[in-house]
Each structure stands twice: as C-alpha cells, then as structure tokens.
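Novice: Sequence:
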Amino acid sequence: MDREIELFIQDYLKEIREDNAAIFAGAGLSAPAGFVNWRDLLRPIAEELRLDVDNEHDLVAVAQYHCNENGGNRHKLNQLLIEQLTVGAVPTNNHRILTRLPISTYWTTNYDQLIETALKDAGKIADVKYITEQLATTKARRDAVVYKMHGDVEHPHDAVLIKDDYEKYHIKRGAFINALSGDLVSKTFLFIGFSFTDPNLDYVLSRVRVNFRENQRRHYCIFKKRTKQSNESEAEFENAQIKQRLAIADLKRFNIKTLLIDEYTQITEILARIERQCRQRTIFISGSAEEYGAWTKADTEEFLRDLSRALVQQGFRIATGVGLGVGDAVITGAIEEVYRARTGHIEDALIMRPFPRANPDPAIRKQLWESYRQELISSAGVCILVLGNKKVGDDIALADGVRCEFEIAVDHGLSVVPIGATGYMARELWNQVVGSMETYYPGKNGDLKGKFDQLGNEVEKPAELISRILDFITLITKE
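In case it helps, this note's numbering puts the sequence shown at residues 1 to 479.
Mixed in with the good hints there might be a few duds.
[Said to hold, decoys possible] Cut-off 16 Å, straight-line C-alpha distance, at most; resulting in silico cross-link-like pairs (EDC-like, lysine to aspartate or glutamate):
| # | residue 1 | residue 2 |
| --- | --- | --- |
| 1 | LYS224 | ASP262 |
| 2 | LYS187 | GLU4 |
| 3 | LYS257 | GLU4 |
| 4 | LYS224 | GLU263 |
| 5 | LYS168 | ASP158 |
| 6 | LYS76 | ASP40 |
| 7 | LYS391 | GLU290 |
| 8 | LYS228 | ASP262 |
| 9 | LYS257 | ASP2 |
| 10 | LYS139 | ASP158 |
| 11 | LYS76 | ASP121 |
| 12 | LYS187 | ASP11 |
| 13 | LYS451 | GLU438 |
| 14 | LYS187 | GLU15 |
None of these hints come from the bench; they were simulated from the model.
None of these values were measured; they are calculated from a predicted model.
Can you make the complete structure from the sequences, with help from the hints?
Specialist: See below:
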C-alpha cells in the first residue's frame, strides 16, 4: 500500500481507539450487494416520460418530473424503492468489517438496511434514525447509531427522493443537518462509496467550513482512479481525469483527504487491515490449572498478574474466560493497572466472560461454551495460552478446552502464542507451532522464530518469561 494509505490507517486506528471515528456510507457501498443503482432504478420512470435515462445527469429531477406528471403522486416511485431494495440482498464483506469495528456512529444516504443488518449479525444493538422524531429518543444499551438522512426503504413515503424533498430538507429534517454538523466537528469520518453530489451534504460541509475555517477536522474519502472506458475517446478520458483531479482538490476546502485506489477490491484490503490492527490491541489469555508443575501457585499467580499488568501498561486490552487457576490472577493484574494509572475505565482494559457452568446437560453446556468461546475469541487479535491442565477423577489431564480455544483462535486469524515453558497443553501447542511456523506465521523472518523458541525454554521462576512474552507480542503486533 502507498504511504498515504498507510498514514490514513494509522490515523484512523487512533481515532477508533479514542471513539472518535465515524463512517459515511454512500450508494457505492451497497452496490456490490446486488442493488440497482439510481439510474437503473429510475429507468421505468424515465421510459414513462419518454426520456433516455442514460442521457440524464440530474436523476433527482427525473424523479420530480414523474411526480409532476402524476399530479404529485409518487406511489410508483415508492413502490419501485420497496421492490428493488428489499429483495434478497445481504451485507457485503465491507459492511461486515465496518460494523465489526468498534465504531459507534454511521451516517448514510442509502435507503437499504444493510448496515443495521450487519450490526445485528455482529451482535450489536443499532439505534436507527430515519425521521426527525427519532433523534430525540435513545435505544437502550445501543452499541451504534445509524443516521439514515434520506430515509428508510420500509417507509418510502418519508424518503428523500424528489427535488421537493431536497428543497424542503432544511425545514422537515433540519435536525439531521445539525446532528451531522456536530459529528463532522467532533469525529473523523471515512466517506466510502460516496460521490459528494448530494446537495444536503454539500450544505452541511459548507456550513462547517465557514464556521471553523482552518480549524476543520480532517476527514477521509476513497476514490477509484479514473480509468479509460471501452467506449471512451482519448479526449473524453482526459476530460474525466481533469474533473476527478479538480473534485479532489475541491474536497480539500472541507479538509477531506482523498485516498486513490486502482481497484475496488483494495477497499476491502484497507478495511481488513484496519480491523486486523484494531483487533491486535486485544489479547485473549487462555489457560486453566489444577497444578503448576515445578512452580508454586504463588509464583505462577504473581507471573500472571504481572504479565496482565504489563500488557495493559502497553495499551493492550485483556480478554479472558476466567479459566480455573489462571483467570483470577489475570483479572487482578489488569484491574490493578487501571487503578494505578487512572487513565481509563476497566472496560477499556479488560473483557471478563466467566464460562456459564450451571446447566446440568453436558450437550447443551458444550454447545453453549462453543458459541461463547467463538464470540469472545473473535474480538481479539492475539491469543496467549498458558498451562492448560484439569482434574479428571484423581488424575491431572491436559485441558481440551485450551486446545479448543487455540483452534478457534487459528480459525479467526489470531496470532497464537502458546507459552511452552508453562507446560501441559501450552507445551503441546508450542511444539505444534514450532513444528510448523510457516503455517502459523507465514512469511515472518528468522528473528520471530528465535523469539518464539524462547517461549518454550524452561525457566526457574515464571516471572522470567514476562520480558520474552512482551518482546514477542511487540514483534507480531507491529506491521
């Protein structure tokens, strides 16, 4: 990726971590889901008017003409909207990545429900706003707000479709303008699938620019470089390139930086990279212990507390299923560091999900634990595995739950870090990774292999492992 995109990723990650990031989705985000574009949507309308829709540039005017010709009745337009935007489409990979990110603000001019569907699929509660009255209410325990400034497909009579709607927007939906203005001042937006031809957005951007002048917040948008079309002359292509260059320059007035890509697939690559780096700040610690091998319980718990504390110090968030003999020490270290530093909330540093054990039915409990593990582990980017033993009757056995968590972590693309020196299942998994490093860390250099080997070297005191673990985590979370 080029330098400008690299810088954007780092800046936007910082805004995400500080809960200052927002998304503005245009029609281009939904197009790959199979929805028709505006031009195709209005084709039957234009045919009634005896217009060639392919030669029309002001499509909002075409919709207005049809309404005028039918005495102000827009029933057919509403019906087209319902038929075309409610049939069979599912969220794209880009929708799913965007809604898995810890972003709480989504704006869109789209009428479809792909963003809210993707949020629900990601286990999040979406508070959807498509009419002014909804801006005054708050959905309980919401994870994200979806502002649909042009309305919703299931309420087409309230949607912004024709010129009349745009001309009256500041009267009927002025509260959306105020809300968007506030977000543009306080949040960093990524405009995706958006062409910047919407008059309402242009009005809001202009007002923010006039009020804040040189103090406008930086925003980003993604454009595909203009390429020559098969039916295009050299002169037409050159003109199109000039228009794109001028449009990019004009966006600078609003402090919107344009990122140019060669292919639309690069958008998914960029978003996936952001998600991967975002997840890497969360470390899932897996382990259980009935016994501690050659170490004392006190020394092992001190090691786990200090490791957890050190990871939080370095800006990581700990996730734990509170495994027997391991989880309490991990939790204690993270909370101690939060209270010592006083720089954030416990929720910023720690995800605690004790396993539900009360159901007496083994089959139901196993299924529940599988779903529970999947959800918890999928939120992380790194999985550290320690110890891993349990009591079966009077004997000590390797903990199959720790292996299960290892396999889930691999399936979700986490970097797996079994600490072989802690023994038991962690030792078995360390041997497995050492024997196939290219499978688990493809393309990594020899320095990483050397540092991973050290995680299996025996030590007299477990505390000696902390610096080795931190060195390895630093190496794998740095891109």
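Novice: If a hint holds in the structure, say so; if it doesn't, say that too.
Specialist: Evaluation of the provided hints:
1. LYS224 - ASP262: At roughly 6 Å apart (the allowed maximum being 16 Å), ASP262 and LYS224 satisfy the hint.
2. LYS187 - GLU4: 20 Å, violated
3. LYS257 - GLU4: Between LYS257 and GLU4 the Cα gap is close to 10 Å, so the pair holds against 16 Å.
4. LYS224 - GLU263: Answer holds: LYS224 to GLU263 is near 6 Å, not above 16 Å.
5. LYS168 - ASP158: 12 Å, holds
6. LYS76 - ASP40: 15 Å, holds
7. LYS391 - GLU290: 6 Å, holds
8. LYS228 - ASP262: Answer holds: LYS228 to ASP262 is near 12 Å, not above 16 Å.
9. LYS257 - ASP2: Holds: LYS257 and ASP2 sit about 14 Å apart, inside 16 Å.
10. LYS139 - ASP158: 21 Å, violated
11. LYS76 - ASP121: Outside the cut-off at roughly 32 Å; violated.
12. LYS187 - ASP11: Given pair LYS187, ASP11 holds - Cα atoms ~12 Å apart, limit 16 Å.
13. LYS451 - GLU438: 15 Å, holds
14. LYS187 - GLU15: 8 Å, holds
Violation of the numbered hints given earlier is confined to hints 2, 10 and 11; the remaining hints are satisfied by the structure.
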